[in-house]
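*Asks:* Everything in the sequence shown is counted per the working numbering, starting at 1 for the first residue and increasing by one.
Think of the hints as simulated: they come from the structure by calculation, not from any bench.
Just so you know, not all the hints are guaranteed correct.
To be verified - Ranges of calculated distance between the beta carbons of each label pair, as one might list FRET restraints:
hint	residue 1	residue 2	range
1	T362	T318	15 to 23 Å
2	G222	G338	28 to 36 Å
3	S234	T313	29 to 37 Å
No residue lacks a Cβ here, since even glycine has one placed at the ideal position from N, Cα and C.
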Amino acid sequence: MSTTALRPTAIFLIVVGSLALSLVGGCGYSGTKVCNAAAGCCGPADLCVAPRYLYADGLNSQITVFPVNPGTGTLGSPISISGPTDSLGMAAFSNSFLYASNPVILSGGAIDAWSIDLGTGALTPVNGSPFIIGPFSSAGGLATNPSAQVVYVADAGKIDALQVGPTGALTTLAGSPFPAGTGLYVTVDPQDRFVFASDTTPPGNVWAFTANSLGALTAVQGSPFAADPSSSTSTNPSQIVVDSTGNFVYVALMATNQVAAFSIAPSTGALTPVPGSPFATGNSPLSMTTVNNLLYIGNAKDETISGYTINSTTGVLTAVPGSPFAVGAGSLTSDLFGTFLYVSGAQGMLVFSIDPNTGGLTQVGSPVPYAGATVLTYVP
């Protein structure tokens, strides 16, 4: 989970004891001097918008850092360092460390780790990286549990839980790995109570776990839950996300061109299909992101993005005006404020503004050349 920077509309002076903190309208906060072109300075040298970055990993064996203009959402000139190839997971931890799954290390799947310089976005390898998970592993999607200081890794038939140390180094949590299905994606609810993983075992399921204060997992009673209880054929669940309220889970069903939706029992984590689930989407839904009351899905084969509003009471999905959008999306993510959607496509990195009333998408600026990102992560 992440916290958002304050963006007041006027100038305030907050005094607590002898501490004075100036907040400038539209600018962000005063404090650490991170002023540079990427940060979007406004006013005195130490009054800037908090720097924001988009990290991309893909088919070129590099991690690429794009500075983000916080006012327009547009991307600046990228810088790249060596990274894993064909990664299916990347996650920032408390805006201090960046992790990416590395499935091709011969001695077993691994996680590459870097510390993040919030002033520049630059990455420095964490001592000991890459961190080997173990033999017969295939590191896939990642999810973080900041409350327990744990990173979860979707693995071959299991979920690995890795403790994050003060320097960003990873160690195996006691009891890990935890048995799960044969999926490649995992997610955590915003309150760090529950962990959910997609499972491609026919006909296709969703695993649900409770997470204790240390991050250890216990399967929810009734888990795994069928992605489509009415289907007798394989639905092939892939990417999985929890909405911003922590009330609903959504999983893309690649084989049936649908998205399954579940409500989460707040006391147990048990899943119940949302009325009307699964919902139709484009051809081969693969990448997903959710922000505020919106869900976006990148459909691989028909090169479109499906956008939906989420009913806050029922979790039912309704297509936003203009959906599906004719945009090829290999991967996508959003900022934390629901203002911009970032898309990696055949044209490069694309930015879209999100209509706050309808969820509709409008392209901002021109594409930034970049080849084949498989995962994107936004760091505020």
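*Asks:* Confirm or reject each hint.
*Replies:* Hint-by-hint comparison with the structure:
{"no.": "1", "hint": "T362 with T318: 15 to 23 Å", "result": "holds, 20 Å"}
{"no.": "2", "hint": "G222 with G338: 28 to 36 Å", "result": "holds, 33 Å"}
{"no.": "3", "hint": "S234 with T313: 29 to 37 Å", "result": "holds, 32 Å"}
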